[in-house]
Amino acid sequence: MTTSSIENPAGSSVDSPELVLIVQISDTNAGSAGDLAALADALRETALDLLPGARTHTLLSPGPTPLVIDLPARGLVLDNQRVELSHSEFEILAHLVRRPRVVVSRAALRPLGAGYSENDDFDTDRGNRSVDVHVSRIRSKLGRFGNIITTVRGSGYRFDPDPRVHVVESLDRRTA
Numbered sequence: 001m002t003t004s005s006i007e008n009p010a011g012s013s014v015d016s017p018e019l020v021l022i023v024q025i026s027d028t029n030a031g032s033a034g035d036l037a038a039l040a041d042a043l044r045e046t047a048l049d050l051l052p053g054a055r056t057h058t059l060l061s062p063g064p065t066p067l068v069i070d071l072p073a074r075g076l077v078l079d080n081q082r083v084e085l086s087h088s089e090f091e092i093l094a095h096l097v098r099r100p101r102v103v104v105s106r107a108a109l110r111p112l113g114a115g116y117s118e119n120d121d122f123d124t125d126r127g128n129r130s131v132d133v134h135v136s137r138i139r140s141k142l143g144r145f146g147n148i149i150t151t152v153r154g155s156g157y158r159f160d161p162d163p164r165v166h167v168v169e170s171l172d173r174r175t176a
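Quick note: the sequence shown, position 12, residue 12 per full-length UniProt numbering, numbers continuous.
Hints were generated in silico from the structure; no laboratory data involved. It is possible that part of the hints are untrue.
[As the list claims (entries may be wrong)] With a Cα cut of at most 16 Å, we get these calculated EDC-like pairs of lysine to aspartate or glutamate:
(1) K141 - E91
(2) K141 - D79
(3) K141 - D49
[Unchecked claim] Quick list of simulated restraints, FRET-style, between CB atoms:
(4) T65 - V102: 18 to 26 Å
(5) T151 - L48: 44 to 52 Å
(6) G154 - D41: 45 to 53 Å
(7) P64 - P111: 32 to 40 Å
(8) R137 - N80: 17 to 25 Å
(9) D41 - P64: 16 to 24 Å
(10) R98 - T151: 17 to 25 Å
(11) T151 - D49: 43 to 51 Å
(12) L21 - P163: 37 to 45 Å
(13) R144 - T46: 23 to 31 Å
(14) R153 - L50: 19 to 27 Å
All C-beta atoms in this analysis are idealised placements derived from N, C-alpha and C, irrespective of residue type, glycine included.
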């Protein structure tokens with residue numbers, strides 16, 4: 001059993017501190033998928049017993065998920081290996097992932113890149129190329145999943161969902 005917690009990145013605003021706990025257990029450790037479901041329910045109930053009113057989220061994956069984009073934890077895991085993205089790279093990826101199948105212009109992505117202030121002129125070649133370079137680096141780090149970010153010529157970029165990619169979104173839902 002593997003457990004990890006990921007701290008809130010410096011500089012982001014959060015109303016109150018929050019612990020994100022991820023527990024990953026393979027069916028080889030648990031016995032079967034039915035055992036995994038029962039174990040997940042037991043862990044969720046234990047969490048609620050220890051912290052009444054806690055938000056819980058359970059995900060049972062039918063098989064290995066080669067790529068996980070964890071938005072709340074700002075994490076990217078490819079083939080069970082954590083992939084390091086720069087702050088700007090993650091911001092651009094997250095912006096696209098939150099808008100599946102929607103073309104996002106370079107102008108909308110430029111402010112997410114590092115080194116810009118509100119007064120910068122984004123019509124420069126430097127500004128245009130910065131987004132392209134960030135997207136190129138993201139694609140490279142995504143490996144065989146680099147094609148989930150599509151270039152739409154003359155318009156911008158688009159995130160194309162893939163069934164082998166799991167996106168973890170905000171844990172705002174409360175489950176019992």
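Now for the hints, and whether the structure bears them out:
Taken as a hint, the K141 and E91 pair is honoured in the structure, with Cα atoms around 14 Å apart against an allowance of 16 Å. With a C-alpha separation of about 12 Å, the suggested pairing of K141 with D79 holds against the 16 Å cut-off. With a C-alpha separation of about 40 Å, the suggested pair K141 and D49 falls outside the 16 Å cut-off, and the hint is violated. Under the hint 18 to 26 Å, the C-beta atoms of T65 and V102, about 23 Å apart, fit the expected range.
A C-beta distance of roughly 45 Å is found between T151 and L48, which places it inside the suggested range of 44 to 52 Å. Look at G154 against D41: about 50 Å separates their beta carbons, and that is inside 45 to 53 Å. Take P64 and P111: their Cβ atoms lie about 36 Å apart, and the range 32 to 40 Å holds. Between R137 and N80 the C-beta distance comes to about 22 Å, which sits within the given range of 17 to 25 Å.
In this structure, D41 and P64 meet the distance hint of 16 to 24 Å, their C-beta atoms being roughly 22 Å apart. In this structure, R98 and T151 meet the distance hint of 17 to 25 Å, their C-beta atoms being roughly 19 Å apart. With their beta carbons about 50 Å apart, T151 and D49 fall inside the hinted range of 43 to 51 Å. Between L21 and P163 the beta carbon distance is about 26 Å. The supplied range of 37 to 45 Å is therefore violated.
In this structure, R144 and T46 break the distance hint of 23 to 31 Å, their C-beta atoms being roughly 37 Å apart. Between R153 and L50 the beta carbon distance is about 53 Å. The supplied range of 19 to 27 Å is therefore violated.
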